[in-house]
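J.: The hints should help you fit chain B onto chain A, whose structure is shown.
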Amino acid sequence: MTDDTSNSLRDEIRQAVAENPVILFMKGTPDQPACGFSARTVAILQSLDQPFAAVNVLPDPRIRQELSTVSDWPTIPQLFVNGELVGGCDIVTEMYQSGELQRALGLDGGTGTEEPPQPETPQVASLSIENRL
Amino acid sequence: MPPARYACLVSATPEELKQRIEAGIPGATAEVTGDGHHFNAVVCAREFAGLSRIAQHRRVYEVFGSELGDRIHALSIQTKLPQENTV
Numbered sequence: 001m002t003d004d005t006s007n008s009l010r011d012e013i014r015q016a017v018a019e020n021p022v023i024l025f026m027k028g029t030p031d032q033p034a035c036g037f038s039a040r041t042v043a044i045l046q047s048l049d050q051p052f053a054a055v056n057v058l059p060d061p062r063i064r065q066e067l068s069t070v071s072d073w074p075t076i077p078q079l080f081v082n083g084e085l086v087g088g089c090d091i092v093t094e095m096y097q098s099g100e101l102q103r104a105l106g107l108d109g110g111t112g113t114e115e116p117p118q119p120e121t122p123q124v125a126s127l128s129i130e131n132r133l
Numbered sequence: 001m002p003p004a005r006y007a008c009l010v011s012a013t014p015e016e017l018k019q020r021i022e023a024g025i026p027g028a029t030a031e032v033t034g035d036g037h038h039f040n041a042v043v044c045a046r047e048f049a050g051l052s053r054i055a056q057h058r059r060v061y062e063v064f065g066s067e068l069g070d071r072i073h074a075l076s077i078q079t080k081l082p083q084e085n086t087v
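In order, the protein sequences belong to chains A and B. Take 1 as the starting number for the first sequence in this note's numbering and just add one per residue. Take 1 as the starting number for the second sequence in this note's numbering and just add one per residue.
So here's chain A without its partners, still in its complex pose:
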C-alpha cells in the first residue's frame, strides 16, 4: 500500500464521518451483520428507529486499518455521532441502557433501565454508503 492510497482512504473515512450525523462502521451490513457485536449495535440503533449510514469494513482490510488510525480505536463496530466516536458495542449498549445514547442522538431519553434489544432479522434498510470506500 502506498502512502497516497492510505491517505486518500483516510480522507474518505473522515469525510464519511463528517457528512453522516450517525454512521456505523461494522462487519457485514445491517441486513446481514457478520459479527455478533456489529449485530447487537445495529439492533440497538434500529430499535430506536434511528437512521444511520453503515460502512462494511470487511471487503478491504485497509478500511479497518485506516479507520483505527483515524479513530484511535482498535475494534469494530465503531459508532460515530455528529463526527465524534461514541464507542463500540459495549459502550453503545451501556449508553442505551442508561438513556445516554438516546440523548446523544437527540431522541427522548430512555428510562435508564432499558434492556438492550437482541438482534433478530433486521428489517430497516441502511442508508448504505458501502460502495464509496
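In short, the hints are calculated from the structure, not lab data. Bear in mind the structure is a predicted one, so any value in this text is a computation, not a measurement. Each hint should be verified, as a subset may be incorrect.
What the hints assert, rightly or not - Okay, the calculated beta carbon distance ranges per label pair:
1) B:19 x A:36: 20 to 30 Å
2) B:27 x A:32: 37 to 47 Å
3) B:82 x A:3: 41 to 51 Å
4) A:8 x B:69: 15 to 25 Å
5) B:19 x A:19: 37 to 47 Å
6) A:58 x B:62: 23 to 33 Å
7) B:65 x A:58: 21 to 31 Å
8) B:16 x A:94: 21 to 31 Å
9) A:107 x B:15: 40 to 50 Å
10) A:47 x B:19: 31 to 41 Å
11) B:13 x A:15: 35 to 45 Å
12) A:103 x B:55: 15 to 25 Å
13) B:66 x A:51: 30 to 40 Å
Idealized CB from N, CA, C, for every residue including glycine.
T.: Chain B alone, transformed into the frame defined by chain A:
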C-alpha cells in the same frame, strides 16, 4: 508480554489477561472470563476517575495493542471506579 513472534501460537487465557491488565494499569483490579478467543473484562481502577468512557476503554485496549482482533479475537470491556465496584 509474550514475545511477539510466538504470542500468536499460544492461546490467551483469562488469567493472563487479568494479570496484564492489572500490571498495565497500576492499582486496577480485573475480573476476566473467556474461552481463549472471546473475553469479557470488568476493570476497576481509580485512574478512570474523570476520564470519558471512551478514554477508559482505550486505556484497557492499550494494554494489548495489536493483539486485539488477532490473538485476542474479541474483548468486551466494562470499566468501573472503585466505589462503583460491587462485584
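J.: Could you run down the list of hints and mark each one as holding or not?
T.: Hint check results:
Separated by about 27 Å at the C-beta atoms, residue 19 (chain B) and residue 36 (chain A) satisfy the suggested range of 20 to 30 Å. Distance hint check for residue 27 (chain B) and residue 32 (chain A): the Cβ-Cβ separation is about 43 Å, which falls inside the suggested range of 37 to 47 Å. A beta carbon spacing of about 45 Å between residue 82 (chain B) and residue 3 (chain A) agrees with the range 41 to 51 Å that was offered as a hint. Checked against the hint of 15 to 25 Å, the pair residue 8 (chain A) and residue 69 (chain B) passes, with Cβ atoms roughly 24 Å apart.
In this structure the supplied range 37 to 47 Å holds for residue 19 (chain B) paired with residue 19 (chain A), their Cβ-Cβ distance being about 44 Å. A hinted range of 23 to 33 Å holds for the C-beta pair residue 58 (chain A) and residue 62 (chain B), which are about 25 Å apart. The hint said 21 to 31 Å for the Cβ distance between residue 65 (chain B) and residue 58 (chain A), and at roughly 22 Å that hint holds. Range check, residue 16 (chain B) to residue 94 (chain A): about 25 Å between beta-carbon atoms, so the 21 to 31 Å window is met.
Taken as a hint, the range 40 to 50 Å holds for the pair residue 107 (chain A) and residue 15 (chain B), whose Cβ atoms sit roughly 42 Å apart. Separation of residue 47 (chain A) from residue 19 (chain B) is about 38 Å and conforms to the stated range, judged on CB atoms against 31 to 41 Å. Roughly 42 Å separates the CB atoms of residue 13 (chain B) and residue 15 (chain A), a value that falls within the hinted 35 to 45 Å. Hint check: residue 103 (chain A) to residue 55 (chain B), Cβ distance near 19 Å, so the stated range 15 to 25 Å holds.
For the pair residue 66 (chain B) and residue 51 (chain A), the beta carbons lie near 34 Å from each other, so the given range of 30 to 40 Å is met.
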